[in-house]
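Chains as they are written, first to last, in the numbering used here: chain A, 1 to 109; chain B, 1001 to 1110.
What the hints contain is simulated information worked out from the structure, not anything from laboratory work.
Check before you lean on any hint, since a few could be wrong.
To be verified - Straight-line C-alpha distance at most 30 Å; calculated DSS-like pairs for lysine-lysine:
1. 1067/B <-> 1040/B
2. 55/A <-> 1052/B
3. 1022/B <-> 68/A
4. 1044/B <-> 68/A
5. 1044/B <-> 55/A
6. 54/A <-> 68/A
7. 1067/B <-> 101/A
8. 1022/B <-> 1071/B
9. 1022/B <-> 54/A
10. 1041/B <-> 1067/B
11. 53/A <-> 1041/B
12. 1036/B <-> 1052/B
13. 1041/B <-> 1009/B
14. 54/A <-> 1067/B
15. 1022/B <-> 1052/B
16. 1009/B <-> 1019/B
17. 1067/B <-> 1044/B
18. 1009/B <-> 54/A
19. 55/A <-> 68/A
20. 68/A <-> 1041/B
21. 1022/B <-> 1044/B
22. 54/A <-> 1019/B
23. 1022/B <-> 1040/B
24. 53/A <-> 1022/B
25. 1040/B <-> 1009/B
26. 1052/B <-> 1009/B
27. 1044/B <-> 54/A
28. 1022/B <-> 1009/B
29. 68/A <-> 1009/B
30. 1067/B <-> 1036/B
31. 1036/B <-> 1009/B
32. 101/A <-> 1044/B
33. 1052/B <-> 1019/B
34. 53/A <-> 1019/B
35. 101/A <-> 1009/B
36. 1040/B <-> 101/A
37. 1067/B <-> 68/A
Said to hold, decoys possible - So, partial list: chain A residues that the calculated Cβ filter (under 10 Å) puts toward chain B:
38. 27
39. 28
40. 42
All of these numbers come straight from a predicted model, not from anything done at the bench.
Note that CB positions come from ideal geometry on N, CA and C, so glycine has one too.
Now for the letters of each chain:
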Amino acid sequence: KNEVEQSPQNLTAQEGEFITINCSYSVGISALHWLQQHPGGGIVSLFMLSSGKKKHGRLIATINIQEKHSSLHITASHPRDSAVYICAVRRGGADGLTFGKGTHLIIQP
Amino acid sequence: DTAVSQTPKYLVTQMGNDKSIKCEQNLGHDTMYWYKQDSKKFLKIMFSYNNKELIINETVPNRFSPKSPDKAHLNLHINSLELGDSAVYFCASSSPEDLRFGPGTRLTVT
């Protein structure tokens, strides 16, 4: 079983819908990242979380350390939000990230 | 002004060859990484390098070796390339508050 599990794997929604992507992990971590990868291939870090909640524009990320769970929410979704969203955790220090398999999101106009 | 750059963007080569991918960051980050993204788009850590400390993922074959001439560079050398090495390789760098990825290098081994 992967140390980082994401759901759903695929999600298609209509423009304007509220989107939630979930991530559960099974190891102790120092931080959790939400990443976005567009079809062109580039990877962008959207959020780095160690506790609580962060908001950036229409995106909100939350983490519950006790439950080892994080969610990424997109409000008022738009076709340009279509991408793969990847949850990744860092155990500590200079350790690299351990990744989930990603959620392929398509927002239809 | 590119934060993390990689060269080349595409690399096509034959089995058995030796190749290198270069990575540079201009962010002053202390830690650099190499990640591999396979054909199913799954990302996996290969190496992380921080203040001359190298952390190697135990599953990485010793044909792969990172070389860091200075804090801003972490190059990836691959010896005796195999078909299974075909993938996209991403360099990244981080500080305690920031994480950036390079654009990726698509390696195709024929």
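Right, here's what the structure says about each hint:
{"no.": "1", "hint": "1067/B <-> 1040/B", "result": "27 Å, holds"}
{"no.": "2", "hint": "55/A <-> 1052/B", "result": "35 Å, violated"}
{"no.": "3", "hint": "1022/B <-> 68/A", "result": "36 Å, violated"}
{"no.": "4", "hint": "1044/B <-> 68/A", "result": "21 Å, holds"}
{"no.": "5", "hint": "1044/B <-> 55/A", "result": "27 Å, holds"}
{"no.": "6", "hint": "54/A <-> 68/A", "result": "17 Å, holds"}
{"no.": "7", "hint": "1067/B <-> 101/A", "result": "29 Å, holds"}
{"no.": "8", "hint": "1022/B <-> 1071/B", "result": "13 Å, holds"}
{"no.": "9", "hint": "1022/B <-> 54/A", "result": "34 Å, violated"}
{"no.": "10", "hint": "1041/B <-> 1067/B", "result": "25 Å, holds"}
{"no.": "11", "hint": "53/A <-> 1041/B", "result": "28 Å, holds"}
{"no.": "12", "hint": "1036/B <-> 1052/B", "result": "21 Å, holds"}
{"no.": "13", "hint": "1041/B <-> 1009/B", "result": "17 Å, holds"}
{"no.": "14", "hint": "54/A <-> 1067/B", "result": "36 Å, violated"}
{"no.": "15", "hint": "1022/B <-> 1052/B", "result": "17 Å, holds"}
{"no.": "16", "hint": "1009/B <-> 1019/B", "result": "13 Å, holds"}
{"no.": "17", "hint": "1067/B <-> 1044/B", "result": "19 Å, holds"}
{"no.": "18", "hint": "1009/B <-> 54/A", "result": "33 Å, violated"}
{"no.": "19", "hint": "55/A <-> 68/A", "result": "20 Å, holds"}
{"no.": "20", "hint": "68/A <-> 1041/B", "result": "24 Å, holds"}
{"no.": "21", "hint": "1022/B <-> 1044/B", "result": "19 Å, holds"}
{"no.": "22", "hint": "54/A <-> 1019/B", "result": "41 Å, violated"}
{"no.": "23", "hint": "1022/B <-> 1040/B", "result": "24 Å, holds"}
{"no.": "24", "hint": "53/A <-> 1022/B", "result": "36 Å, violated"}
{"no.": "25", "hint": "1040/B <-> 1009/B", "result": "19 Å, holds"}
{"no.": "26", "hint": "1052/B <-> 1009/B", "result": "26 Å, holds"}
{"no.": "27", "hint": "1044/B <-> 54/A", "result": "26 Å, holds"}
{"no.": "28", "hint": "1022/B <-> 1009/B", "result": "10 Å, holds"}
{"no.": "29", "hint": "68/A <-> 1009/B", "result": "37 Å, violated"}
{"no.": "30", "hint": "1067/B <-> 1036/B", "result": "16 Å, holds"}
{"no.": "31", "hint": "1036/B <-> 1009/B", "result": "14 Å, holds"}
{"no.": "32", "hint": "101/A <-> 1044/B", "result": "10 Å, holds"}
{"no.": "33", "hint": "1052/B <-> 1019/B", "result": "23 Å, holds"}
{"no.": "34", "hint": "53/A <-> 1019/B", "result": "43 Å, violated"}
{"no.": "35", "hint": "101/A <-> 1009/B", "result": "24 Å, holds"}
{"no.": "36", "hint": "1040/B <-> 101/A", "result": "9 Å, holds"}
{"no.": "37", "hint": "1067/B <-> 68/A", "result": "35 Å, violated"}
{"no.": "38", "hint": "27", "result": "13 Å, violated"}
{"no.": "39", "hint": "28", "result": "17 Å, violated"}
{"no.": "40", "hint": "42", "result": "6 Å, holds"}
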